[in-house]
Amino acid sequence: MEKYQSHLKKTAVLYGALFIICLGLLVWQVVLLGAVLQGSYAEGFVAGFRLSLTFLFCLFSAINFINIMKAIRNAEYRKKMYISDTDERKRVIEEKTSAAYRNLSLPMLGVATVVAGSFNHTVFFCLVAVLLVQALILMGCKLYYQKKY
Amino acid sequence: MKTHIPELRRQRKLSQEELAMAVGVTRQTITSIEVGKYTASLPLAYRIARYFGLSIEDVFDFSDVEDME
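If you're matching them up, the sequences are chains A and B in order.
Residue 149, in our numbering, is where the first sequence stops; the numbers in between run on with no holes.
Residue 69, in our numbering, is where the second sequence stops; the numbers in between run on with no holes.
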């Protein structure tokens, strides 16, 4: 459990740093927002998306930081968090979910790429790039785990 | 896989939550094992059996595995 506590301390530092970075980015984007809103609809949409994503990261890191600090201070809560983090059924669910997602998303992306090729070349090349990157990540992971096990 | 965990718990007046905390898993994992939706890993099966002071074969029913031979 002491090893887990030191892992929690390191994670708390990481989440704290992430929160500060995201907060900085958030303030910077809010300052810039006035100028962006003078531009086109697309520019405003992109700025809004970026702002929402940064806000979500900020919220995510703050919630995790608070939770971890609570676990560091409270032994009972820490044990519950450890059990939840290391629960084998949860891991199986995550592995199965990832496998199902991969098996569905890659063929669907392939179909979408073929269909997009008939309508818009920019979208087609974007989807080809995404497909290639995903396939490379998949192959890299497969090679890594074949060596590991 | 069938298990004798519900009977063993009842005999010892133990809740799923208490057993889960003792063997280091969530209550949902114990529920899934009891209803046969999830098969425990070997280390977890060992921890559960050790907790009840029994062997793995006394806690888990391996008749399905034997039928496959």
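Note that these hints are calculated values from the structure, not bench results.
Any given hint could turn out to be false.
Unchecked claim - Straight-line alpha carbon distances no greater than 27 angstroms define the calculated DSS-like cross-link-like pairs of lysine-lysine that follow: (1) Lys13/B <-> Lys147/A; (2) Lys2/B <-> Lys70/A; (3) Lys90/A <-> Lys9/A; (4) Lys2/B <-> Lys96/A; (5) Lys37/B <-> Lys2/B; (6) Lys79/A <-> Lys10/A; (7) Lys96/A <-> Lys13/B; (8) Lys13/B <-> Lys79/A; (9) Lys90/A <-> Lys2/B; (10) Lys37/B <-> Lys147/A; (11) Lys37/B <-> Lys10/A.
All of these numbers come straight from a predicted model, not from anything done at the bench.
### Index of numbered hints that the structure contradicts, given in increasing order
1, 2, 7, 10, 11
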